[in-house]
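When you get a sec, could you build the whole thing from the sequences and use the hints?
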Amino acid sequence: MSEVSMCLRALKGVIGGGLIGCLLASSVVAAPLTAQDAQNNCVLFYSLQKGSSFKVVKVDVLDAENGVVSVRILGLPNKVSVTLNGMDVGRQKVDSQQIKCGREVVGEISSYDLRSLNIDAGYFQVYAGGFTVGKSVSLR
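What the sequence shown shows, in mature numbering (1 follows the signal peptide of the UniProt record, and there is no 0), is residues -30 to -1, 1 to 110, in sequence order.
What the hints contain is simulated information worked out from the structure, not anything from laboratory work. Owing to the predicted nature of the structure, the values given are computational and were not obtained by experimental measurement. Some hints here could point you the wrong way.
Simulated pairs of lysine-lysine, PhoX-like, Cα-Cα distance not exceeding 25 Å [claimed, not checked]:
| id | residue 1 | residue 2 |
| --- | --- | --- |
| 1 | 25 | 70 |
| 2 | 20 | 70 |
| 3 | 20 | 49 |
| 4 | 63 | 49 |
| 5 | 49 | 105 |
| 6 | 70 | 49 |
| 7 | 28 | 70 |
| 8 | 63 | 28 |
| 9 | 25 | 63 |
| 10 | 49 | 28 |
| 11 | 63 | 105 |
| 12 | 25 | 105 |
| 13 | 28 | 105 |
| 14 | 25 | 49 |
Next comes the structure, spelled out in structure tokens:
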């Protein structure tokens, strides 16, 4: 589901404390997670979790729209590194919201605004908790 679709669904009903980065009219705004989105993240985390550890179990590059890339990390990594074409873009993070399941924080959804880099496309890569995930993205 695209980030814009999640924003439109979130406008219909608000639940819980989790937020995701959302892109509307070329600006980054926050929109609440819908009940289904929050439940899906929790079900996925607990189905992949081994024991009671909060180690990283999944990393996803969710979406790239108008130069903003969204990333979901399930688990709690010590360090997260993000690159575009091998260049560190960690300072481009514009939003980071916790994923909560009940009272437990089990991950985060972050948004990186790469428009200022003046690059049309590239390979966006995330390194977190022993996972490396990448995706070709169009930034224009």
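Residue 28 and residue 105 were given as a pair; does the straight-line alpha-carbon distance stay at or below 25 Å? 15 Å, holds
Taken at face value, is the distance from the CA of residue 70 to the CA of residue 20 at most 25 Å? 18 Å, holds
Could you grab the alpha-carbon distance between residue 63 and residue 49 and see if it respects the 25 Å cut-off? Holds. Residue 63 to residue 49 sits at ~14 Å (cutoff 25 Å).
Please work out if residue 20 and residue 49 have their alpha carbons no farther apart than 25 Å. 20 Å, holds
Pairwise hint evaluation, residue 105 against residue 49, where the allowed Cα distance is 25 Å at most: 20 Å, holds
Given the proposed pairing of residue 25 with residue 70, does the C-alpha separation stay at or below 25 Å? Answer holds: residue 25 to residue 70 is near 15 Å, not above 25 Å.
Regarding the pair residue 25 and residue 63, is the alpha-carbon distance no greater than 25 Å? 22 Å, holds
Can you confirm whether the C-alpha distance between residue 25 and residue 49 stays at or below 25 Å? 11 Å, holds
Between residue 63 and residue 105, is the straight-line Cα distance small enough, at 25 Å or below? 17 Å, holds
Can you confirm whether the C-alpha distance between residue 63 and residue 28 stays at or below 25 Å? Cα-Cα ~19 Å, so holds.
Would the hint linking residue 28 and residue 70 be met if the CA-CA limit is 25 Å? 15 Å, holds
Within 25 Å, alpha carbon to alpha carbon, are residue 49 and residue 28? 14 Å, holds
Of the numbered hints listed earlier, not one is contradicted by the structure.
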